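Model the placement of chain Y with the ligands on the given structure of chain A, informed by the hints.
Chains as they are written, first to last, in the numbering used here: chain A, 96 to 631; chain Y, 4 to 198.
Since no wrong hints were added, every one of them can be taken at face value.
Here are the simulated DSBU-like pairs of lysine-lysine, each with C-alpha atoms no more than 35 Å apart in a straight line: (1) A:K447 <-> Y:K120; (2) Y:K183 <-> A:K619; (3) Y:K164 <-> Y:K5; (4) A:K429 <-> A:K394; (5) A:K617 <-> Y:K173; (6) Y:K118 <-> A:K447; (7) Y:K173 <-> A:K629; (8) A:K460 <-> A:K617; (9) Y:K5 <-> A:K329; (10) A:K276 <-> A:K250; (11) A:K329 <-> A:K422; (12) A:K141 <-> A:K285; (13) A:K141 <-> Y:K172; (14) Y:K5 <-> A:K351; (15) Y:K120 <-> A:K429; (16) A:K98 <-> Y:K190; (17) Y:K197 <-> Y:K5; (18) Y:K183 <-> A:K447; (19) A:K280 <-> A:K298; (20) A:K565 <-> A:K617; (21) A:K298 <-> A:K222; (22) A:K310 <-> A:K298; (23) A:K403 <-> Y:K5; (24) A:K629 <-> Y:K172; (25) A:K302 <-> A:K366.
Restraint ranges, calculated between C-beta atoms of paired labels, are given here: (26) Y:Y109 <-> A:V622: 30 to 38 Å; (27) Y:D156 <-> A:E467: 57 to 65 Å; (28) A:A623 <-> Y:G70: 48 to 56 Å; (29) Y:E114 <-> A:Y465: 44 to 52 Å.
Honestly, the hints are just simulated from the structure, not real lab data. Since this is a predicted model, take the numbers as computed values, not measurements. Cβ atoms here follow ideal geometry from the backbone N, Cα and C, with glycine treated the same way.
Read off the chains here:
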Amino acid sequence: MEKLLLLGDEAIAQAALDAGMSGMYAYPGTPSTEIMEFIQHSKMAKENNVHSIWSANEKTSMESAIGMSYAGKRTMVAMKHVGLNVAADAFLNAAITGVNGGLVVVTADDPSMHSSQNEQDNRFYGKFALIPIFEPVNQQDAYNMVYDAFEMSEKFNVPILIRITTRLAHSRAGVARREVKLHNKITLPKNPRQFVLLPSIAKVQYKQLLDNQSKFEENSEKSIYNIYEDGSDKSLGIIACGISYNYLKENYNDTKIPFPVLRVCQYPVPKEQIKKLMAECKEVLVLEDGYPFVEEMVKGILDKEPVKGRLDGSLPRDGELNPNIVKRAITGEKFIVEIPKIVQNRPPALCKGCGHIDAYLALNKALIKYGEGRVFADIGCYTLGALEPYNAINSCVDMGASITMAKGAADAGLVPAVAVIGDSTFTHSGMTGLLDAVVENSPITVIISDNFTTGMTGGQNSHALGRLEKICEGIGVEPEHIRVFHPTSKNFDEMVSIIEEELQYKGVSVIIPRRQCVQTMKNKDLVAKVKELKLN
Amino acid sequence: MKSDIILAGVGGQGIVSIAATIGTAALIEGLNLKQSEVHGMSQRGGDVSSNMRVSSNEIASDLIPYGQADLILSVEPMEALRYLPFLSESGWLVTNSEPFINIDNYPNLDELLEKIKSLPRNVIINADKIAAEVGSRRSSNIVMLGAASHFIDMDFDAFKKGITQIFAKKGTETVDVNIKALEAGRKFVEENYKF
Ligand SMILES: Cc1ncc(C[n+]2csc(CCOP(=O)(O)OP(=O)(O)O)c2C)c(N)n1
Ligand code: SF4
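Just chain A, with the same shape it has in the complex (with noise of 0.2 Å):
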């Protein structure tokens, strides 16, 4: 069959769909965000009526896959790393219900954060929720496993989690597709009971799935995904999981590899391989992108096996491996990166003419008498209001976070408190924090720069559009107290005296600055919206 050349993100998505899955849910999150965004434009999808509009957050989208598996169809859910983190209570628990259709869960992790506040490892989460997980080595593996994962997660009755990292999610390369297959019909669960996670059910249940575990050990220690190459010199053996495979590879180019490696793509790890590996050699060094999670399980807290990898030095602690950190663990070779002194970073900045840079120069003015220190932010475009030359906020920590900080101030006294949130931040997790302050009636500003999409990740639909000033009100902030403005150099005093007004009011305001992201403007389905809704 002919190959697709298909970015590890577009391989995923590609599997899923000639898997026969009906629906995928997913927020954008770089680098999972290509994911959603080629079953968008798939015309495969459109035919099958495949669901692909975007969640809320990562928890709702979680839940609406368990729904629709719950119906007894496949889907799919898709997050960056973090994301796990909001979709956790959802995603821990659908490994107690199991499943009925198949339901595969995505998470690519950001080794180096190219665009990400952590590096977690979601491996652990894997572990955590006690099932099965896929780690590819390449976009031809990335494709296969999702493609084997609804069939594993029907098989066994569990969700599987395919973990991928942001090298391969954003590489392309050729991927041969295997055949076509066709939707689950809606069935419901054979046992009522399987979602009613009351105690004496999930009890049940959770013993089913701690019985499970020797099987998909046992599937592990025979999967095609975990290969044991012999090698003639067991001076050292090489466990590497994933992409880590491919920098060993590199560095003995079209040569064997000399030492016994095993390749750990499928988890629970295969514990007898690994078991032979160590008996068989001197020494064993452990290649993974991200945590020492293998490394720290086959080391052990007695420490007595010979294991090099990211906590003895061999390899560094923290980032993103490449052929020749691999190398220079094998060979001890070194190798030094100078770039020329005249090269200067560019830092990303707002694009010019960004409505956030006009509400940062109007808040910075309206700021001045209270002093520094009060405005919590959150992630999005926005955040780069933290650089030069605004230098105009001082808090970025999750999703949702701004309002929620700018209370727990507030509560300890530092009033005004402001907080800086997007449209899409503020749909995603801003308005229960905004409920918090509300019922407290919190001394508290909340800007929500409104510019009608999820700017930071490409310009994706947001679910606030049109429904801020409802959704603030609904949630009970006096009507008044909701001010909008149209954030350009010429309205400036007025948005500096909107600003000082509610600075002195002793409660929760809105302030909405409201202008349309300039990277969107060639999207014409968001401007006739726009206009269709009056918001410019």
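Showing chain Y with the ligands alone in chain A's frame:
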């Protein structure tokens, strides 16, 4: 054949089209390919790069090891130097001479070009000017690809076919102007450099 290429520039400068054209050309030639790009903050003026690997053999790593790139193809002079640690001892650096200045501390252009000229194998080309001459300033990236194509061991016709496929949706006029840009870039290198 094996060609490890670093594509470099600033977000919005058309690296994606260059990568797509080389990728399509490689498929036409029946070669293996891996292409890794850095997405993310590109729309806000940050530097962007892509690791492009084409080979008649299997390719293992998505990332090119340091000191192993056969070619750095940059649409901007300062960005060309950012990836110097990747260039192999026999590799070529091919860059546009026209800077993209969106930072206050952008280096002195003459010093920058001097530094590039001090490298043993370099090609500096005013792709913006050549693109304007063939009728579309926006095809500057494809002029660069034309110039660099000399250093990639693939049939020149495959690049043309690649362009035809990549730009087909935008109409024959766009295809034609980009083919002209490709040819002009190639011609510049062949007329001005002796190998
Ligand atoms: C839990 C979580 N999910 C997703 C992301 C990725 N992400 C970062 S900012 C953002 C949304 C930004 O949209 P908005 O709040 O409207 O601000 P804008 O970028 O448009 O200014 C997303 C989806 C994240 N950082 N954390
Ligand atoms: S992408 Fe949109 S929201 Fe983000 S900086 Fe640019 S104009 Fe502003």
